[in-house]
Amino acid sequence: MIAIIPFGLIVGITAAKVGFGPVLGIGASAIVFAGASQLAAMALYADQAAIIVAVATALVINARFVMYSAALRTHLQHAPAPARIALSYLMTDQAFALSIVDFPPQPPDEVRPNRHWFYVGVAFPLFVDWMITTAIGYAAGAAVPDSWGLEFAVVLVFLALIFPAVTDRPSVVAALAAGVTAVAASSLPYRLGLPVAAVVGIAAGVIAERRLA
Amino acid sequence: MTGWVIILATGLGTLLLRSSFTVFVGDRKMPDTLTRALRFVPAAVMTALVTPAVFLVDGGLDLTFDNLRWPAALVAAIVAWKTTNIAYTIAVGMVTLWLAQAFL
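Protein chains in written order, with our numbering: chain P, 1 to 213; chain C, 214 to 317.
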């Protein structure tokens with residue numbers, strides 16, 4: 001809860017800085033509800049990247065949700081289908097991390113039918129927190145002088161997100177390969193360097209894992 | 214207008230990613246290759262977002278002290294590594310950048 005406050009503020013401030021109106025700037029947090037992808041999409045929008053590159057980059061960032069979706073499936077299966085869409089919408093890194101700890105691995109038939117309420121209890125407050133902090137950030141955004149260089153704060157958010165993701169040697173290889181490629185490929189047209197670097201990094205990680213195994 | 218298209222398409226795509234197994238795929242298991250690849254997405258993507266913003270100035274590599282972003286990012290990276298806390302990382306990174314700009 002506390003950890004996402006600066007994140008939400010930066011997203012709101014960035015929305016104001018790139019010139020999003022209040023409805024889009026704050027609404028984006030409800031429409032997308034995934035901060036890192038929102039920051040990347042807004043940065044690419046500000047850079048006048050091709051729409052397809054902005055969307056593709058944001059979706060590559062959010063591809064991790066497929067992993068969470070697979071892991072949470074058995075725990076949410078007792079909810080009716082429309083509710084499962086709503087529950088999936090609320091999926092975040094934090095909600096996944098907090099609820100998977102409480103959901104020990106067990107055969108699906110032993111999963112208690114009301115377990116998804118625990119997930120809601122974790123996920124929904126994060127959504128409320130996210131909307132409030134984005135709105136505050138957006139309102140404050142106009143008052144933040146450009147001389148503060150706050151676009152660097154966006155980079156620092158991404159930087160902080162690297163370390164929890166780098167847990168073993170193959171993931172270090174993935175990060176380094178992606179980081180070097182992103183610099184080397186930065187002059188590609190339409191800001192394609194980013195998605196290209198992501199793919200190179202992921203492939204390097206997969207190969208490293210095979211070699212080191 | 215462009216902003217709306219980007220946000221709406223990202224929102225719809227993200228909902229589909231989130232619902233992939235909980236709503237659509239159901240009981241089928243995820244292909245092994247996909248599981249292996251997805252594991253590296255956060256590490257690869259986050260680093261790819263950081264390095265150009267830190268090391269490039271006007272499209273060229275700048276590792277001198279004319280570019281104060283890389284030393285500020287280096288200090289922030291140590292904080293991020295030790296604490297994994299976004300607020301501390303932002304605070305230390307921004308203050309380091311401002312101090313470096315003021316004194317160097």
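Keep in mind that the hints were calculated from the coordinates and are not lab data.
Treat the hints with care, since some could be wrong.
For the chain C half of the interface with chain P, some residues (derived, Cβ under 8 Å), not all of them [stated by the list, open to error]:
| id | residue |
| --- | --- |
| 1 | M243 |
| 2 | F268 |
| 3 | T302 |
Yeah, the Cβ is synthetic: ideal placement off N, Cα and C, and Gly gets one too.
The hints, checked one at a time:
no.	hint	result
1	M243	holds, 5 Å
2	F268	holds, 6 Å
3	T302	holds, 4 Å
Checked against the numbered hints given earlier, the structure satisfies every one of them.
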